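Make the full structure from the sequences, and use the hints.
Number of protein chains: 2
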Amino acid sequence: MLISTKGRYGLRSMADLVLYAQKKPVPLRVIAERQGISESYLEQVFALLRKAGLVNAIRGSYGGYVLARPAHQITVGEVLQALEGPLTLANCAHRGGTIECDKMDTCLTMPFWQKLSAKIDEVLFSTTLQDLVDEERATGKRQGPDPQAPI
Amino acid sequence: MLISTKGRYGLRSMADLVLYAQKKPVPLRVIAERQGISESYLEQVFALLRKAGLVNAIRGSYGGYVLARPAHQITVGEVLQALEGPLTLANCAHRGGTIECDKMDTCLTMPFWQKLSAKIDEVLFSTTLQDLVDEERATGKRQGPDPQAPI
DNA sequence: TCTAAACCCAGTAAGTTGGTAGGAATATTG
DNA sequence: CAATATTCCTACCAACTTACTGGGTTTAGA
Chain Y
1 MLISTKGRYG LRSMADLVLY AQKKPVPLRV IAERQGISES YLEQVFALLR KAGLVNAIRG
61 SYGGYVLARP AHQITVGEVL QALEGPLTLA NCAHRGGTIE CDKMDTCLTM PFWQKLSAKI
121 DEVLFSTTLQ DLVDEERATG KRQGPDPQAP I
Chain X
1 MLISTKGRYG LRSMADLVLY AQKKPVPLRV IAERQGISES YLEQVFALLR KAGLVNAIRG
61 SYGGYVLARP AHQITVGEVL QALEGPLTLA NCAHRGGTIE CDKMDTCLTM PFWQKLSAKI
121 DEVLFSTTLQ DLVDEERATG KRQGPDPQAP I
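Protein sequences appear in the order of chains Y and X.
In this text, residue positions in the first sequence follow the numbering used here: the first is 1, and each later residue adds one.
In this text, residue positions in the second sequence follow the numbering used here: the first is 1, and each later residue adds one.
Some hints could be false.
No copy is singled out in the list; a pair is fine if it fits within one copy or between any two copies.
[As the list claims (entries may be wrong)] Calculated pairs, DSSO-like style, for lysine-lysine (alpha carbon to alpha carbon, straight line, at most 30 angstroms):
#1 K119 to K6
#2 K115 to K6
#3 K51 to K24
#4 K6 to K24
#5 K51 to K6
#6 K23 to K51
For the record, the hints were derived by calculation from the structure and aren't laboratory data.
Because the structure is a prediction, the values reported are computed rather than measured.
Given below as structure tokens:
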């Protein structure tokens with residue numbers, strides 16, 4: 001399992017926000033209940049998301065969390081990077097360049113890691129939160145109220 | 001860092017075998033020295049590779065390891081799977097099907113994990129050890145003797 | 001003022017990582 | 001047969017990570 005619960009819970013929670021935080025902020029208690037996740041653990045997840053500027057918090061009663069940007073402007077890669085740290089496969093293959101590897105000249109595997117990383121980034125940073133819920137709508141799995149429906 | 005040293009050391013060692021184990025077995029001591037890896041740690045890596053049927057061991061003096069199959073018949077995916085265990089991103093996305101997820105019906109992220117896993121597997125299981133050294137030859141980085149050269 | 005929420009920090013049990021150490025079994029060479 | 005070089009096996013370890021739990025503080029709406 002390459003992605004920890006932090007990343008998986010966080011991504012599910014962000015998708016949850018897309019669906020349910022259109023009109024007003026959603027409190028963690030509700031997300032935790034709906035997604036079956038410990039609320040105090042989710043706190044730590046959202047602390048990271050907030051620090052990364054992906055969600056805005058509204059404190060006090062009737063508060064909660066909302067997306068900081070429209071769903072189609074937040075990529076899955078941004079979310080996972082905020083929660084899991086840099087998504088590198090090896091030191092020699094990470095977004096934006098190469099770092100510290102004394103064997104760069106002779107390493108037989110570096111080009112492979114870089115190629116794989118590029119492929120992964122291609123998916124991660126081209127898929128947005130909107131894509132997640134759109135796919136869901138297309139297959140007709142979703143349960144909650146239609147967030148796009150006029151009220 | 002999604003791939004641990006076991007996977008990275010192992011892949012580098014397998015590439016090393018492609019280059020240097022054409023005529024006779026290569027002892028761990030030599031690989032460890034050439035790749036700058038602890039020999040006793042490499043032992044554990046090669047125990048896994050042997051159990052996965054990817055290398056054959058020759059015991060005793062003048063022994064060592066050789067590839068169990070030609071380099072173009074061993075994929076990077078096989079090597080990493082033997083060393084890292086199943087390369088799944090989440091429970092709901094692993095090679096050959098879906099397992100235990102009580103939220104399958106409503107999970108917004110499952111299709112994404114499956115799509116990403118498929119992309120990764122595409123690279124992992126279409127790249128062979130031979131491809132690693134071929135790329136190396138193309139860019140002219142390699143140092144050792146040409147294993148394809150007639151003797 | 002009551003209450004519901006975000007926020008913050010500390011701790012923790014279990015598992016993983018990246019090794020080290022010591023020795024037993026096996027095969028080759030002299 | 002003896003010496004040597006190798007694989008093979010098991011146990012151990014310290015540091016780190018994971019997936020939480022708990023206790024309290026601050027903030028804002030009714």
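Cross-check of the supplied hints:
| no. | hint | result |
| --- | --- | --- |
| 1 | K119 to K6 | both (23 angstroms within a copy, 22 angstroms between copies) |
| 2 | K115 to K6 | both (26 angstroms within a copy, 20 angstroms between copies) |
| 3 | K51 to K24 | within (21 angstroms within a copy, 56 angstroms between copies) |
| 4 | K6 to K24 | within (24 angstroms within a copy, 47 angstroms between copies) |
| 5 | K51 to K6 | within (15 angstroms within a copy, 33 angstroms between copies) |
| 6 | K23 to K51 | within (23 angstroms within a copy, 56 angstroms between copies) |
Checked against the numbered hints given earlier, this structure breaks none of them.
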